[in-house]
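> One letter stands for each residue in the lines below.
Protein chains: 2
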Amino acid sequence: MKHPLETHRAQAAAILESWGMPASTAATTAEILAWADLHGIESHGIAMLVEYDVRRKTRPINMKPSPRLLRDVPVAALMDADGGLGHAPARQAMQIAIDRARSAGVGMVSVRNSGHFGALGYYTTMAADAGLIGIATTSVFGIRVPPTGGRQARFGTDPWSFAAPSADGRHFVLDMATTTVASGRVRNKIVEGQPMPPGWGFDRHGNPTRDPREVMDGGFLSPLGGAAESAGYKGYGLATMVNILSSCLSGATLITDPMHSRQPWGLDVGHFLMAFAPGLFRDPAAFEADVARLSDTMRATEPADPAKPVLVAGDPERAVRDARLRDGIPIGPGLARRLRSLALETGAAWLLTPVDLSEVVSENIAGLS
Amino acid sequence: MKHPLETHRAQAAAILESWGMPASTAATTAEILAWADLHGIESHGIAMLVEYDVRRKTRPINMKPSPRLLRDVPVAALMDADGGLGHAPARQAMQIAIDRARSAGVGMVSVRNSGHFGALGYYTTMAADAGLIGIATTSVFGIRVPPTGGRQARFGTDPWSFAAPSADGRHFVLDMATTTVASGRVRNKIVEGQPMPPGWGFDRHGNPTRDPREVMDGGFLSPLGGAAESAGYKGYGLATMVNILSSCLSGATLITDPMHSRQPWGLDVGHFLMAFAPGLFRDPAAFEADVARLSDTMRATEPADPAKPVLVAGDPERAVRDARLRDGIPIGPGLARRLRSLALETGAAWLLTPVDLSEVVSENIAGLS
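Taken in sequence, the protein lines are chains A and B.
According to our numbering, the first sequence is numbered sequentially starting from 1.
According to our numbering, the second sequence is numbered sequentially starting from 1.
These aren't lab readings, by the way, just hints derived from the structure by calculation.
Glycine included, each C-beta is placed from N, C-alpha and C at the ideal position.
Take these hints with a grain of salt, some might be off.
[Unchecked claim] Dumping the calculated EDC-like pairs for lysine to aspartate or glutamate here, alpha-carbon to alpha-carbon at most 16 Å:
no., chain 1, residue 1, chain 2, residue 2
1, B, K308, A, D327
2, A, K64, A, D82
3, B, K64, B, E17
4, A, K2, A, E345
5, A, K308, B, E229
6, A, K57, A, E345
[Said to hold, decoys possible] Computed beta-carbon distance windows for the label pairs:
no., chain 1, residue 1, chain 2, residue 2, range
7, B, R56, A, N188, 51 to 59 Å
8, B, A300, A, R68, 49 to 57 Å
9, A, R293, B, A300, 45 to 53 Å
Starting from the given sequences, assemble the full structure and let the hints guide the process.
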């Protein structure tokens, strides 16, 4: 079933409020989750509520946080997010960075003691919408990636985003994990009974493998580039950079710290959010015209497959957004049932399509036959 | 033969001066070339003089440039490098960025109308040595890489460097092309008669290939990540980012512009150099201790091959540096002869091991037998 953006957002807000989150914080968090679903980034959308629910039951998450600035100078600030989810403080941090970029040319905000903050592209797009270059990084929870040549996991997906405004409004928005792929795609290969393409993962001994079962059975995801000979050290280096910016700068618990994700005061995720003005260097209109020109040349490149035109970072998400603004945002029956359970548990309003919970049972039985 | 760093540097300076470069500019350029050879980055060392010689004979390169600042605010500057080689202006630009980072917390310098500037790690290491985080990008000449899904080359190796200071002095220095590998490694596979690992290149139709001859025969190098299914769009996105920072910000000729590398006034390469202070956010000593701790955990990771310990970006180059400071910097006979020819042509002093130019002939004859 598909739902209008407004219903989608209101449903997420209702569940978050039922967890004790103040209405304004819930509205911001729901908006950022809905932005991800609207742009086709379902891995960071309303489905995250299921994971947040698990975490809030096992780890301290402050549902009424009061983020505050610990340091504050014209071009930078350090924020303590007070142990809540990361969306609202990260948006506030990027807004501070944008304000500083407007007054001083550049603004950098480092955030500690935060939580998962959704899709990075949301924050860098804020900067691009303001005519600024935006950069965002975050530390993560899951540890699935060895350094190149190693056979112990040290990193996660450690994502990075960079956005730049374009004269035609089609901003360049790169939002990428520093792994080759996320674990969901490895699981899909198991379901399909197919080998993985080279470069996706390692077995438990740290050797490259194309068997997805070996990755999920004590093995590892590979850093972008895969094995050493295919430049996996570059993905490993980018992951290290992301952790330096997110955690070493802010003082958040290092991903390599034994207390990572176990601190008594909260999840202690770190973020880095930056904005700066092209007008520091050139006429901003000339800059944006060059970004548009560079992008248009990419789009005009002869494609290897005539049915698949060459795209620029941000194009695929904009195409999904336009379709979903028109047709609504789809939520599959499995996710709808899980969200319905969450709403029932805390008495949150149910705004999406009615779901028959008995389907869960009949589906499980069908799965056994 | 191996030569002391000082001899190596003096030889490069002598050749550059014989081309009309003032002594101080030649000394800076030679120092940066020698730094690359000292750290094992031979692709960006004294061997570049051979290529610079070809370029100076076919394209305007100003050997007596006077770089000047076109814009200048507390956190940023725009430099016109006046059409010369890039080393001296890029070092001056990074020094300005470092000075601004010390006074205002952050400094960003955009450079246009420049040329090849050697190894990026030199500039970001300047920042790390000053206790700052350093970032550097540059536009490039050669166009060998299609955007993901395309079959026309649009990008080059488009490199990126990020450095951060570590408490133990072993700074984190990531210096990476945004391609999987450089073309030299593809050529080596042809020489060895071996297939390439997956992900290195595409044939002339834009399809992945493991035959290195197909890459060199009208084909393409692949962006980091290789084909689309192995996340090549990430390398493509990083290459676009590098061009936005290097060229769109500075106003240098875009790599996609028909006049790229053909401008009547010079090579018009663009750079971006940035430094910022961890002390904006935290006690700098605590930051550097965290970088050291993160790095040490990587080094302590159990290796897949017991003979190959896990390294951190910057470690391999430091190991080579230590050996070459002790034993000297090797220059092979082929390169020595080409440098000797350069020196003879312009009457530059010859400071390296005596080279018998007749060896070229006898070697060629041997090659025929």
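> If a hint holds in the structure, say so; if it does not, say that too.
Against the structure, the hints come out as follows:
no., hint, in the structure
1, B:K308 to A:D327, "54 Å, violated"
2, A:K64 to A:D82, "9 Å, holds"
3, B:K64 to B:E17, "10 Å, holds"
4, A:K2 to A:E345, "24 Å, violated"
5, A:K308 to B:E229, "14 Å, holds"
6, A:K57 to A:E345, "13 Å, holds"
7, B:R56 to A:N188: 51 to 59 Å, "54 Å, holds"
8, B:A300 to A:R68: 49 to 57 Å, "36 Å, violated"
9, A:R293 to B:A300: 45 to 53 Å, "48 Å, holds"
Of the numbered hints given earlier, the model fails hints 1, 4, 8; all others are met.
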